[in-house]
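Q: Letter by letter, the chains look like this.
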Amino acid sequence: GENVEQHPSTLSVQEGDSAVIKCTYSDSASNYFPWYKQELGKRPQLIIDIRSNVGEKKDQRIAVTLNKTAKHFSLHITETQPEDSAVYFCAASRTGRRALTFGSGTRLQVQP
Amino acid sequence: NAGVTQTPKFRVLKTGQSMTLLCAQDMNHEYMYWYRQDPGMGLRLIHYSVGEGTTAKGEVPDGYNVSRLKKQNFLLGLESAAPSQTSVYFCASREQGGDEAFFGQGTRLTVV
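As given, the protein sequences belong to chains A and B, one line each in that order.
Following this note's numbering, the numbering of the first sequence begins with 1 at its first residue and continues without gaps.
Following this note's numbering, the numbering of the second sequence begins with 1 at its first residue and continues without gaps.
The shape of chain A in the complex, shown without the other chains (with noise of 0.2 Å):
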């Protein structure tokens, strides 16, 4: 079945800075990449998607990198503020029925 790995584990930045978390998956035929923002004590919520088809995609100051070579996937956050702490999750799924495989979680704090 599909494994996904993300990194790190945990990750500080000051307000404004850039955050990146990137994730690995082993399942060649994985077609679908979400990411998931959970706020303490919430339900996860999704922030933004790729698919296989697309290398990058950007929605204001989050976008998402794929590397398909590589298996690899990043979430890129730009200009950081307070509210972007949370936990964020990397997903792999191949289109329709298969559930989602979730990475381990990234933790960030932003600093004010």
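For the record, the hints were derived by calculation from the structure and aren't laboratory data.
Note that this is a predicted model, so its numbers are computed, not measured.
One thing to keep in mind: the hints can contain errors.
[Stated by the list, open to error] Sample of chain B residues with no beta-carbon within 12 Å of chain A, all distances over it, derived:
1) Q6
2) L13
3) S18
4) L22
5) Q37
6) S67
7) L69
8) G97
9) G98
10) G104
11) Q105
12) V111
[As the list claims (entries may be wrong)] Here are the simulated EDC-like cross-link-like pairs (lysine to aspartate or glutamate), alpha carbons at most 20 Å apart as the crow flies:
13) B:K57 x B:D26
14) A:K22 x A:D84
15) B:K9 x B:E79
16) A:K71 x B:D26
17) B:K57 x A:D27
18) A:K58 x B:D38
19) B:K9 x A:E39
20) B:K71 x B:E100
21) A:K22 x A:E56
22) A:K71 x A:E39
23) A:K57 x A:E79
24) A:K68 x A:D17
25) A:K68 x A:E2
26) A:K68 x B:D99
27) B:K70 x B:D26
28) A:K57 x B:E30
29) A:K22 x A:E2
30) A:K37 x B:E30
31) A:K42 x B:E79
32) B:K9 x B:E52
33) A:K68 x A:E39
34) A:K71 x A:D17
35) A:K37 x B:D26
36) A:K58 x B:E30
37) A:K37 x B:E100
38) B:K70 x B:E30
39) B:K57 x A:E2
40) A:K57 x B:D99
Just so you know, even glycine gets a beta-carbon here, dropped at the ideal spot from N, CA and C.
The hints should help you fit chain B onto chain A, whose structure is shown.
A: Structure of chain B alone, referenced to chain A:
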């Protein structure tokens, strides 16, 4: 449109007791999933269903049973609770052929 709703939100069980967690979705999604979330381990798939009347094992199925008698409901049962089942449980659903998974608000279960 409530999305995905889990019942109950919190529960404390004694070792050996049984209980059922209910997940209900009103989006007419075919696929439904139960995950457990433990610190530092991300979300791990317990069981999933690809349609009414079908269920399948995920990564960590031992000690749990599931049923999908109605398309909109996915039940997770613990027949004899153990302290190792103390966790936060999330239900999710996904439409057929779709990518994005929608999560319930979670159930915090403590087994003492």
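Q: Run every hint past the structure and note whether it holds.
A: Checked hints:
1. A Cβ of chain A approaches the Cβ of Q6 (chain B) within 12 Å, the least distance being about 9 Å, so the stated non-interface status is violated.
2. Taking the minimum C-beta to C-beta distance to chain A, about 20 Å, the non-interface status of L13 (chain B) holds against the 12 Å cut.
3. No Cβ of chain A approaches the Cβ of S18 (chain B) within 12 Å, the least distance being about 25 Å, so the stated non-interface status holds.
4. With a least CB separation of 16 Å from chain A, L22 (chain B) remains clear of the 12 Å interface cut-off, as annotated.
5. The Cβ of Q37 (chain B) sits about 9 Å from the closest Cβ of chain A, inside the 12 Å cut-off, so the non-interface label is violated.
6. For S67 (chain B), the condition that its CB be more than 12 Å from all CB atoms of chain A holds, with the nearest at approximately 18 Å.
7. The non-interface label for L69 (chain B) is consistent with chain A: the shortest C-beta to C-beta separation is roughly 19 Å, beyond 12 Å.
8. The beta carbon of G97 (chain B) sits about 6 Å from the closest Cβ of chain A, which is not more than 12 Å, so the claim that it is off the interface is violated.
9. The beta carbon of G98 (chain B) is not kept farther than 12 Å from every beta carbon of chain A, the shortest such distance being approximately 8 Å.
10. Annotated as non-interface, G104 (chain B) brings its C-beta within 12 Å of a C-beta of chain A; the closest such distance is 6 Å.
11. Residue placement check: Q105 (chain B) does not keep its beta carbon more than 12 Å from all beta carbons of chain A (closest about 5 Å).
12. Every CB of chain A is more than 12 Å from the CB of V111 (chain B) (nearest about 20 Å), matching its label as outside the interface.
13. In summary, the hint linking K57 (chain B) to D26 (chain B) is not supported, as the alpha carbons are separated by about 24 Å, beyond the 20 Å threshold.
14. Between the alpha carbons of K22 (chain A) and D84 (chain A) the distance comes to roughly 17 Å, so the proposed pair stays at or under 20 Å and holds.
15. Using a Cα cut-off of 20 Å, the hinted pair K9 (chain B) and E79 (chain B) holds, with the two alpha carbons roughly 19 Å apart.
16. Only pairs whose Cα atoms come within 20 Å are accepted, and K71 (chain A) paired with D26 (chain B) is rejected, the gap being roughly 35 Å.
17. A hinted pair counts as satisfied when its Cα atoms are at most 20 Å apart, and K57 (chain B) with D27 (chain A) qualifies at roughly 19 Å.
18. For the given pair, K58 (chain A) sits about 30 Å from D38 (chain B) by alpha-carbon distance, which is inconsistent with the 20 Å threshold.
19. Using a Cα cut-off of 20 Å, the hinted pair K9 (chain B) and E39 (chain A) holds, with the two alpha carbons roughly 16 Å apart.
20. A hinted pair counts as satisfied when its Cα atoms are at most 20 Å apart, and K71 (chain B) with E100 (chain B) qualifies at roughly 18 Å.
21. Taking the CA atoms of K22 (chain A) and E56 (chain A), the gap is about 14 Å. The hint holds against a cut of 20 Å.
22. For a cut-off of 20 Å, the pair hint linking K71 (chain A) to E39 (chain A) is broken: about 28 Å separates their Cα positions.
23. Pair hint K57 (chain A) plus E79 (chain A) holds up; C-alpha atoms about 17 Å apart against a cutoff of 20 Å.
24. Between K68 (chain A) and D17 (chain A), the direct Cα distance comes to roughly 27 Å. Violation of the 20 Å bound is thereby established for this hinted pair.
25. The suggested pairing of K68 (chain A) with E2 (chain A) holds, with an alpha-carbon distance near 15 Å, which does not exceed 20 Å.
26. The hinted pair formed by K68 (chain A) and D99 (chain B) meets the criterion: a straight-line CA distance of about 18 Å does not exceed 20 Å.
27. This hinted pair checks out: K70 (chain B) and D26 (chain B) have alpha carbons roughly 12 Å apart, not beyond 20 Å.
28. About 28 Å separates the Cα atoms of K57 (chain A) and E30 (chain B), which puts this hinted pair outside 20 Å; it is violated.
29. The hinted pair formed by K22 (chain A) and E2 (chain A) meets the criterion: a straight-line CA distance of about 16 Å does not exceed 20 Å.
30. A C-alpha spacing of about 24 Å is found between K37 (chain A) and E30 (chain B), which places the hinted pair above 20 Å, so the restraint is violated.
31. Simply put, K42 (chain A) and E79 (chain B) have alpha-carbon atoms about 27 Å apart, too far for the 20 Å limit, and the pair is violated.
32. Taking the CA atoms of K9 (chain B) and E52 (chain B), the gap is about 24 Å. The hint is violated against a cut of 20 Å.
33. Annotation: proposed proximity of K68 (chain A) to E39 (chain A) is violated, straight-line Cα distance about 29 Å (limit 20 Å).
34. With a C-alpha separation of about 27 Å, the suggested pair K71 (chain A) and D17 (chain A) falls outside the 20 Å cut-off, and the hint is violated.
35. Distance hint between K37 (chain A) and D26 (chain B) is unfulfilled; the C-alpha atoms sit about 23 Å from each other, more than 20 Å.
36. At most 20 Å may separate the alpha-carbon atoms for a hinted pair to count; K58 (chain A) and E30 (chain B) exceed this at roughly 30 Å.
37. Annotation: proposed proximity of K37 (chain A) to E100 (chain B) holds, straight-line Cα distance about 14 Å (limit 20 Å).
38. With a CA separation close to 11 Å, the supplied pair K70 (chain B) and E30 (chain B) stays within the 20 Å bound.
39. At roughly 15 Å between alpha-carbon atoms, K57 (chain B) and E2 (chain A) fall within 20 Å of each other, so this suggested pair holds.
40. Pair hint K57 (chain A) plus D99 (chain B) holds up; C-alpha atoms about 16 Å apart against a cutoff of 20 Å.
The structure is inconsistent with the numbered hints 1, 5, 8, 9, 10, 11, 13, 16, 18, 22, 24, 28, 30, 31, 32, 33, 34, 35 and 36, although it conforms to all the rest.
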